[in-house]
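Protein chains: 2
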Amino acid sequence: MKKPYLLFLGDAPDQLAAKTATGIADWRPEWCVGQFRLPGCGADTGQKDVSIDEAIDLGAKTLVIGVVNSGGFLPDSWTDAICVALAKGLDVASGLHGRLQDFPAINAAAEKYGRQLHNIRLSEQNFTTGKGIKRAGKRILTVGTDCSCGKKYTALAIERAMRARGLNADFRATGQTGVLIAERGVAIDAVIADFISGAAEWISPANDADHWDVIEGQGSLFHASYAGVSLGLMHGAQPDLLVLCHEPTRTHMRGLPHYPIPDLTDCIALNLANAKLTNPDVRMLGVSVNTSALTEDEAERYLAETSSRLSLPCLDVIRGSADGFLDHL
Amino acid sequence: MKKPYLLFLGDAPDQLAAKTATGIADWRPEWCVGQFRLPGCGADTGQKDVSIDEAIDLGAKTLVIGVVNSGGFLPDSWTDAICVALAKGLDVASGLHGRLQDFPAINAAAEKYGRQLHNIRLSEQNFTTGKGIKRAGKRILTVGTDCSCGKKYTALAIERAMRARGLNADFRATGQTGVLIAERGVAIDAVIADFISGAAEWISPANDADHWDVIEGQGSLFHASYAGVSLGLMHGAQPDLLVLCHEPTRTHMRGLPHYPIPDLTDCIALNLANAKLTNPDVRMLGVSVNTSALTEDEAERYLAETSSRLSLPCLDVIRGSADGFLDHL
Chain A
109 MKKPYLLFLG
119 DAPDQLAAKT
129 ATGIADWRPE
139 WCVGQFRLPG
149 CGADTGQKDV
159 SIDEAIDLGA
169 KTLVIGVVNS
179 GGFLPDSWTD
189 AICVALAKGL
199 DVASGLHGRL
209 QDFPAINAAA
219 EKYGRQLHNI
229 RLSEQNFTTG
239 KGIKRAGKRI
249 LTVGTDCSCG
259 KKYTALAIER
269 AMRARGLNAD
279 FRATGQTGVL
289 IAERGVAIDA
299 VIADFISGAA
309 EWISPANDAD
319 HWDVIEGQGS
329 LFHASYAGVS
339 LGLMHGAQPD
349 LLVLCHEPTR
359 THMRGLPHYP
369 IPDLTDCIAL
379 NLANAKLTNP
389 DVRMLGVSVN
399 TSALTEDEAE
409 RYLAETSSRL
419 SLPCLDVIRG
429 SADGFLDHL
Chain B
109 MKKPYLLFLG
119 DAPDQLAAKT
129 ATGIADWRPE
139 WCVGQFRLPG
149 CGADTGQKDV
159 SIDEAIDLGA
169 KTLVIGVVNS
179 GGFLPDSWTD
189 AICVALAKGL
199 DVASGLHGRL
209 QDFPAINAAA
219 EKYGRQLHNI
229 RLSEQNFTTG
239 KGIKRAGKRI
249 LTVGTDCSCG
259 KKYTALAIER
269 AMRARGLNAD
279 FRATGQTGVL
289 IAERGVAIDA
299 VIADFISGAA
309 EWISPANDAD
319 HWDVIEGQGS
329 LFHASYAGVS
339 LGLMHGAQPD
349 LLVLCHEPTR
359 THMRGLPHYP
369 IPDLTDCIAL
379 NLANAKLTNP
389 DVRMLGVSVN
399 TSALTEDEAE
409 RYLAETSSRL
419 SLPCLDVIRG
429 SADGFLDHL
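As given, the protein sequences belong to chains A and B, one line each in that order.
Going by our numbering, the letters in the first sequence line up with residues 109 to 437, in that order.
Going by our numbering, the letters in the second sequence line up with residues 109 to 437, in that order.
This is chain A alone, in the form it adopts within the complex (with noise of 0.2 Å):
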């Protein structure tokens, strides 16, 4: 995919729902020329607003569909807009389950311009069955109490505190904004079914002995929509180390009203007792916090007595940093 990136956040409600942008931006703003909003759009990336041609004389050369819609309809307007930068000389980039080429204007608008059109989300790679053979090199999943509550976060900023310690690490993206960060993994809500442990063991092969993968994790074992994609990609990852993570103020799973947020204490030992199946040896890490909706003395307060009750260090990984969880390594 050619560089840079304009951000298309499209008229995506809040900021959950462009976290593909937001994950670009704040995980690789060197690639980012700026973000192109629709009106009404209620999320920002902090990248500046620009329009189509704006980007393109700031040397734009793809468009990255930053938003995620649901049920892999694409709203006209998002059309228009997008063969808009095709016109203008933007490939195009997409996290969406469906083929941009399924969509008949951009497909012909690509052809007609000549450029190229990215399916991030489909891999074309053919996996297996998963195996479930002990893989040398050891390996941290992160797993959640809900869905985007921080995962690929506190995966990348694992990375980053380990490899600041001369530990040899590597971020292991399961979804498609990691991929994009990441330039290389899977997402594997999108895979066949039958091959979702499969698919983890091959994001994460055999490596050194002295080797962290930082695989990010998906969903949340007690999201009904997508615990399974969660189950599966636990068992394929087979982490020596889990770390949990959880957004405090959130009052019921994403997506699903009817459905409470899980107790900490219920989440540890549910994903604890299902991951014991690969790795027997398996154990929690730490906790770790998004308080980005705390204020300072209530995040801190929160960690402390959250660290207290579950003896785990909790921490927020984007206040503060990861370096709180290498010291229990």
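Derived from the structure by calculation, the hints contain no laboratory data.
Predicted, not measured: the structure shown is a model, and the values here were computed from it.
A couple of the hints might just be wrong.
Identical chains blur together in the list; that is why a pair holds if it fits in one copy or across any two.
[What the hints assert, rightly or not] With a straight-line cut-off of 25 Å between C-alpha atoms, the simulated SDA-like cross-links for lysine to any residue are: (1) Lys384 - Ile369; (2) Lys156 - Ser185; (3) Lys242 - Ile369; (4) Lys239 - Ile300; (5) Lys246 - Asp431; (6) Lys239 - Gly206; (7) Lys384 - Asp371; (8) Lys239 - Asp371; (9) Lys156 - Val176.
We have chain A already, so just place chain B on it with the hints.
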């Protein structure tokens, strides 16, 4: 799909490899004219061996590929036989992961002779993510200590016993063999991972308050290759009752010689812990034991001991019937 069927067993090495053919022969023998086997075949459905010509004389309309292969590859000997069947007048149905149309020789023969190719495992339905909302009606889900240990047979036997008592019950198929037997359903292991629980919700929609869905389980929460599918199916199914299926002579998980069969008590506990997410009132109805490898005396002793140890009804629903479960509804 046009009936009757000729069951194709290829060179299936053992009985379990031909479980699609066996399932049809056992549950819908009136749809079959016989079985067609290649040299080296180690499986037997009990149907009479016939050639393709004999099958056509007996009225066969469709060759059903009743054997699983690994990795979507078809040996030349299978392709040749399938093409002969197409040339001589049969349609072909397959439960393989790939499309029959993607094998050039098969596709060419089907086009040349005007035959239909049916891909049972590939649903044309577009699914959404699971919603986890409670649905009317009652649901039983069969779960397993392992793959291929009797989940489909148990669900079919429960449906039969319920209907014999005048209960309003439907078997719900979630695998290719079940779909062939029920002539509806979805092979849930072939669905995109994000939609496993959504597909399970679609398979078992809201129904009358006194209606029972008897849902075929897949894999096992203890199978390192497939547990993600098992969990997503469980969450979408929202079972009121689980029946644990078990084959007592197996020494390791199917396909994973380094994984032991789980203890029944552990298996019951983990299944209930996970199923509670979408139905907090779920309970274990009993254990369905496939005693086909035991003598009658051994089977009786095993069932009595296990029932006493677990304080649950333990039955062989094929050697006996599923009535013993219904007494505990």
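Would you list, in rising numerical order, the hints stated earlier that this structure does not obey?
No numbers; nothing is violated.
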